[in-house]
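Taking the hints into account, I'd like the entire structure generated from these sequences.
There are 2 protein chains.
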Amino acid sequence: MIICIGREFGSGGHEIGKEVADRLGFIFYDRTLVEEALSRSTIPPEELERADEKKHNPWLHRIWYDAQNEELRGLSANDMLFSIHSQLITELASEDNCVFIGRCADYILQNAGIERISLFIAAPFQDRVKRKMGLLRMNEKSTITLVRKTDKERKAYYDYYTGRSWGKPHNYDFCINSSNYGIQRTAEVLAEKLAQM
Amino acid sequence: MIICIGREFGSGGHEIGKEVADRLGFIFYDRTLVEEALSRSTIPPEELERADEKKHNPWLHRIWYDAQNEELRGLSANDMLFSIHSQLITELASEDNCVFIGRCADYILQNAGIERISLFIAAPFQDRVKRKMGLLRMNEKSTITLVRKTDKERKAYYDYYTGRSWGKPHNYDFCINSSNYGIQRTAEVLAEKLAQM
Chain Z
0 MIICIGREFG
10 SGGHEIGKEV
20 ADRLGFIFYD
30 RTLVEEALSR
40 STIPPEELER
50 ADEKKHNPWL
60 HRIWYDAQNE
70 ELRGLSANDM
80 LFSIHSQLIT
90 ELASEDNCVF
100 IGRCADYILQ
110 NAGIERISLF
120 IAAPFQDRVK
130 RKMGLLRMNE
140 KSTITLVRKT
150 DKERKAYYDY
160 YTGRSWGKPH
170 NYDFCINSSN
180 YGIQRTAEVL
190 AEKLAQM
Chain D
0 MIICIGREFG
10 SGGHEIGKEV
20 ADRLGFIFYD
30 RTLVEEALSR
40 STIPPEELER
50 ADEKKHNPWL
60 HRIWYDAQNE
70 ELRGLSANDM
80 LFSIHSQLIT
90 ELASEDNCVF
100 IGRCADYILQ
110 NAGIERISLF
120 IAAPFQDRVK
130 RKMGLLRMNE
140 KSTITLVRKT
150 DKERKAYYDY
160 YTGRSWGKPH
170 NYDFCINSSN
180 YGIQRTAEVL
190 AEKLAQM
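Protein sequences appear in the order of chains Z and D. If you read the first sequence in numbering that gives the first Met the number 0, its first letter stands for residue 0, the second for the next number, and so on. If you read the second sequence in numbering that gives the first Met the number 0, its first letter stands for residue 0, the second for the next number, and so on.
Any copy will do: because identical chains look the same in the list, a pair fits if it lies in one copy or spans two.
Simulated crosslink set (SDA-like; lysine to any residue; CA at most 20 Å straight-line):
{"id": "1", "residue 1": "Lys167", "residue 2": "Ala155"}
{"id": "2", "residue 1": "Lys148", "residue 2": "Leu135"}
{"id": "3", "residue 1": "Lys154", "residue 2": "Trp165"}
Bear in mind the hints are in silico, worked out from the structure with no lab data behind them.
Laid out in structure tokens, this is it:
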């Protein structure tokens, strides 16, 4: 079973995914997908890390020449990372049960004809701001800016690489509002339901 | 248990709600809410029916004088219907287990402090067009126009009366894409899960 989770910034989608993976004994892939990607390219790691879950900026469009992989030559770091992630996610999904966080995994796997359950975790804006304020120890104004900016980046990234619309219910199997039950309880209920499928 | 269902036009949300209500033995309220509303106002029935799930059009803003209910005097038929529905939905929800389709029931009940489960049923645009073409025996072009128009009206109506954003996952407890399992299977799974809650 493969589970793909998209999430609004601050909704706890990452934590829910981790808890679900732990409870079901599934492998959990989040930012670790970037580390996995590093070995498949010769461009500087910090460039790939900066490109994670971001559409390339057409005003700062730097083209890279990858010495290792001919297919990746002449791409921006962002396009390169998406291309590597597409191969990587497809390979990992055929190896073992796992949970993928973001990185258009739902789209990549559907395109590859691999069955997956796709979820989107959302929460009201104010709840997400409050949660991130606590976690990051930032003031309200800066947190509001950060939440807006990160959602905007995720949307631009997802919409650009998939041609779909991030966070719209018809793109996912289920969308869940994590504020109703709270993050811990949502993860518990979700793991329970998925175990029955 | 009170279940409120929002739905994109053609997603089968209405059928899913009906099937869930039948399986759980709950009362089902959809367009019947307009009939229930008729007895609470003296304005012509066809005016109330025309106003169902529509925000009033500011260019065709006709004010009605309700002889029966002083509170409703001087409102548009749409505002009047929303006001009547607000009372009606709150009353019905406190009487028995039921399923409400649309009419901002999720918002009305939350505002009234009544616990409810709120769902949104979505499906990819093309699937909804195909489904409605079959049901209404209309050509593709007219169906596309109808689906777009109805979604737009529902969004305008919901957003206007609730101040929220129709079809955005954080407004609902769960959003479900009915194209994955199909309408019948979605209803079965949903009824099963709700019965366990």
